[in-house]
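Heads up: the protein sequence lines correspond to chains A and B, in order.
Just so we're aligned: 49 in my numbering is position 49 of the first sequence, and the numbers increase by one with no gaps anywhere.
Just so we're aligned: 180 in my numbering is position 180 of the second sequence, and the numbers increase by one with no gaps anywhere.
Check the hints yourself; a few may be wrong.
Said to hold, decoys possible - With a straight-line cut-off of 20 Å between C-alpha atoms, the simulated DMTMM-like cross-links for lysine to aspartate or glutamate are:
id	chain 1	residue 1	chain 2	residue 2
1	A	Lys85	A	Glu96
2	A	Lys76	B	Glu167
3	A	Lys9	A	Glu32
4	A	Lys85	A	Asp167
5	A	Lys56	B	Glu167
6	B	Lys211	B	Glu112
7	B	Lys86	B	Glu159
8	A	Lys85	B	Glu159
9	A	Lys169	A	Glu197
10	A	Lys85	B	Glu167
11	A	Lys85	B	Asp162
12	A	Lys121	A	Glu173
13	A	Lys130	A	Glu118
14	A	Lys180	A	Asp204
15	A	Lys179	A	Glu118
16	B	Lys181	A	Glu96
17	A	Lys180	A	Asp30
18	A	Lys85	A	Asp195
Stated by the list, open to error - So the derived list for chain B, only partly shown, Cβ under 7 Å to chain A, looks like this:
id	residue
19	Ser164
20	Val165
21	Asn175
These are calculated hints, taken from the structure and not from any lab test.
Every residue gets a Cβ at the ideal spot worked out from N, C-alpha and C, and that includes glycine.
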Amino acid sequence: MSNELIRLKDCFMAFDDQVVLNSINLYIKDREFLTLLGPSGCGKTTTLRIIGGFQKPTSGSVFFDGVRINDVPPHKRRINTVFQKYALFSHMNVFENVAFGLRIAKLPKAEIKRRVTETLKLVNLPGFEKRSVNSLSGGQQQRIAIARAIVNRPQVLLLDEPLGALDLKLRKEMQIELKKIQQQVGITFVYVTHDQEEALTMSDTIVVMNQGNIQQIGTPTDIYNEPKNAFVASFIGESNIIDGIMNEDYMVTFAGHTFRCLDSGFAQNELVDVVVRPEDLHICAPEEGHIRGVVESIVFKGVHYEMIVRTPAFPFLVQSTLHRAVGQEIGLSLTPDDIHIMRKPKQKDAQAAPLPDAQAADA
Amino acid sequence: MNKKGLSTPYVIWMAIFVVAPLILVVVYAFTSKSGGFTFENFSGMLQYAGIFSNSFLLAIIATAICLAIGYPLSYFLAKESATIRKVAMIFIMLPMWMNFLLRTYAWMSILEDTGLFNRLLALLGLPTLHIINTNAAVVIGMVYNFLPFMILPIFSVIEKIDRSVIEAAQDLGANSVMVFKRVIFPLSLPGVLSGITMVFIPAVSTFVISKLLGGGMTWLLGDLIENQFLGNVYNPHLGSAISLVMMIIVMICMAVMNRFGEGEEGAVVL
Ligand SMILES: Nc1ncnc2c1ncn2[C@@H]1O[C@H](COP(=O)(O)OP(=O)(O)O)[C@@H](O)[C@H]1O
Ligand SMILES: [Mg+2]
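Let the sequences and hints guide you as you build the complete structure.
Pasting the structure below:
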């Protein structure tokens, strides 16, 4: 915890009567790449704006390096932002855009020139100084927005869906480039996205949010392999989420079969959500599997086939390198560690319950 | 192709109502009463230098006052909620729904020696002022009549400045003074330039305001030109020449100003 840089403590945010953030607790370590991930409208931008100082939480505190900064205006924070729509200064050329913060800081002319040139090289746009920002493509504007922020050498860079407006190919390239830049300059990135794949490939830590609540905090592997609840499981990658009954510790029944599993601590016969990843279902002969089903459809996805396997209880999504014809009866088998048991959310205000141990990532 | 077709009526309109009169003005300016080609209309104009300079001076003062009132007003108004903005705009536009002459007559009775303004001063125990029939009254009339033309373009550019651009400047360390100086003002320049244009041109060529509020004491270019066409001297050739010279001076002013605002988005009207 010694290298904790930012902490949000019980940050609550409401606009009029609408609760947007429900007592967020979160800390961000120095030099980490932390991603806020969640569906649109879940409060990611609001969280970022609270860190940047553009919005004050209705209640709760924001700490930076151990100091409460709720009342520090944005221009006095050592934090820079890459805005969702870039927000470049259209009345200035590329050089002046990037130099903006340095000029405000009244750095010597030669130093400004040196740093702007150096930073434009870093974002792969050397020699663009004299260009008008309006003449640049989306990807180039994006890089200027990044250059304009990192040239100031902030301790933290906030990025709000910076790749959202780019096409897929460019987005992939920029993901790699951003990660490279983060490692080169060695600063903390707080990154907002609704794209789970982007979050999984770039982050050190992912914070999954839904409806103003943090659902889970963890490394990409943690979040993917050990989703804490059905929301996280369904949001991170595709999943089969099936109703099950926890017979006793390490025993769960779903899809007409009782499985051994690795989970305990549930009430006897408690109703649970069972999460099974499509790539964890193994195809075998009908009589050898735990579950029997009929292949309803099959699509080739490049690396694997994706099938819908109809069983009496549930249509399973299965990913496999094996090909099975439509209409064929097959068996599906599972090992205990492929089965993830989640507590059912309480029927009323299912999403509103704050998770007590929000910072599991650090364990 | 389609687009070309659609612009035809506009082109015809322009030809009849803009280009043709302009040609007429040029032809008249370079001909004498007998119809022959001449420069006389221009060489005789020097005697009116005083009127020229007075017109431009009053128009510049009125434009400057409009800018001094209009810019801060637009700036602070743009920060208000949508409802307040709408209501304020209605009040700013309201006087324009009244007849121009009527408005100006109203100012006559306000500024008279025994008018509303002086009675107010007297009520406060202050000495009364002689305003009516002075240049000051003319400037007040110009400002009152043309202020909306300054506010509207400035307000609409400031209102359109993206909130996130302002936040970006704050994010990069700019306090509110610097945000204004380096971002808001430069981005609002196109509005300022069109506001200046839209106030200065009618102000420099007005004749009603100077007649009613200036009491005919000081002649402006508008009065001079009007007199050549509708007045007792009747000399449309000289009137055309004066109009032409005024037009050229105004165009030079605008060109210089546009150069000054060059590099900004969306160059100014004209
Ligand atoms: N200034 C505001 N006034 C009112 N509601 C807002 C404001 N900003 C955000 N919201 C609401 O807060 C919720 C969360 O918004 P946001 O943080 O932008 O979500 P995200 O970035 O995850 O899509 C949304 O329902 C949005 O409508
Ligand atoms: Mg957002």
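Run through the hints listed earlier and report the numbers of any the structure violates, in increasing order.
Per hint list: zero violations.
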